[in-house]
Amino acid sequence: MPHDRIRSIVGEHGRLSVAVDKLDDTASLYQAGLTSHASVNLMLAIEESFGIEFPERMLRRRTFESIASIAGAVGELTSGSPGA
Amino acid sequence: MPNGQAMTALTVPHLVARTGPDAIALAGQVARAVAAPAASSVDRESRFPSEAITALREARLVGALVPTRFGGLGCSIIEMAEICDVLGQHCANTAMVYAMHQIQVAALMRHGGSTPFFECLLHDLVDRQLLLASATSEVDVGGDVRRSICAVDQRGEEIHLRKQAPVISYAEQADAILVTARRHGEAAASDQVLVFAPTDARTTLTRTTGWDALGLRGTCSSGYLLETHVPATHVLADGYDEISAHTMLPVSHLLWSALWLGIATDAVNRARAFVRDAARRIPGSMPPGATRLAEVVGTLQTMRAQIHDAARAYHAIFDDRDALSSMSFALRMNGLKVQSATLVVQIVAQAMAICGIAGYKADTKYSVERHLRDAYSAGIQINNDRVLAASASMLLVHRDD
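So the sequences go chain by chain: A and L.
The opening position of the first sequence corresponds to residue 1 in my numbering, with each subsequent residue numbered one higher.
The opening position of the second sequence corresponds to residue 1001 in my numbering, with each subsequent residue numbered one higher.
Bound-form chain A, shown alone:
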């Protein structure tokens, strides 16, 4: 499941102030302590893990708002149907 893989990457690179297993998929990562610097490391780790590159239009706050929103972006980039 991409959600589980994303969750573990968030746990490893997000430097959150709460344990990642305490967060549900739609909880705000920013309120959990995700900083802009940590979000960059998180993006790099997700790109590496899924073999994708986030295009410029996805490099914005709402893409990394929650585990669910990251999964949505990853899903769009791995499904081969951009703009879906």
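Hints were generated in silico from the structure; no laboratory data involved.
The reader is advised that the hints may include incorrect statements.
Computed from the model, here is a short list of chain A residues facing chain L with C-beta under 10 Å [unchecked claim]:
1. 18
2. 31
3. 38
Beta carbons: idealized from backbone N, C-alpha and C, even for Gly.
Please arrange chain L on chain A, whose structure you already have, making use of the hints.
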């Protein structure tokens, strides 16, 4: 008004700005007639530019950015940058106080939320031409304004907040201070809110450090222990991460750049006058500084073009929350800040080289020594390296596509 200044700016006819173009013209009059004559004493005595701020209040320019539905002038961010530029040409301290105030106004009007308290506050801000200050940095967080130690302590309908602020510019002259803090006692350091703290009986300020600095001496940027008890309605609706990305950072970078442009413009004007006067003294000869003047005029044009371009870009997406949160926008505004802060020092230093000893001295009409001291603040007070580090981090993932 806590500063008790009821002085009338007799040198400016009683004009009140009603539109954006009015506002720019009137700011120019205030700058020339009131700010410029006081600029040297504000600097020497390291005092608040009270004459100019009073005149700006009387001209209704303190509420210039507030939308017309709240009684403000509804100036665009492009017009605000022009006002900061013209103020900066005559008194950098006045321009910096004005810019810092407008940054707070922008935060209130864009992120307060449509609650009765904030709607009423915007009307009040215009009616009483309230001056706003800011307390974002905190002792022991290492200069990172996106982290707080202090937290909002909510007790029923009221909140309590206590903050060790290493700097609050013109705190003692402001009518209110916008303060960052963690959302609650258990919140992460980066989970911040912005609190509106009026400087009346509900807020106490205990000065902890003074302000005797190289430049921008009139901003009175002392340190304070701030303690406030205000209703919970005084917390802005949006989180500070969004306020910072959409408004605080871009408005600061743009308006500061504009006032630095003003400092650079005036320094180049003085260098131009110096070269022209030298040429008049020996007709038919080319003064030694003339070639350098041609060069620095080109650098000034570059700086001006970058700022105007960034102002138009910000204006175009001013209300587009999605575009404002994009990495490319943050990179662009960070780049603007570093470029402007670097160019203002370069330009003023070259103007000084052209004017020679007459530029180095404080008591000549070609003096640019205050300009150079004020210019140095640009890359120091908001450290260029910190801004570059933030951009470097974003560039690890950002692609121009």
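Violated hints, by number in ascending order, as checked against the structure:
none
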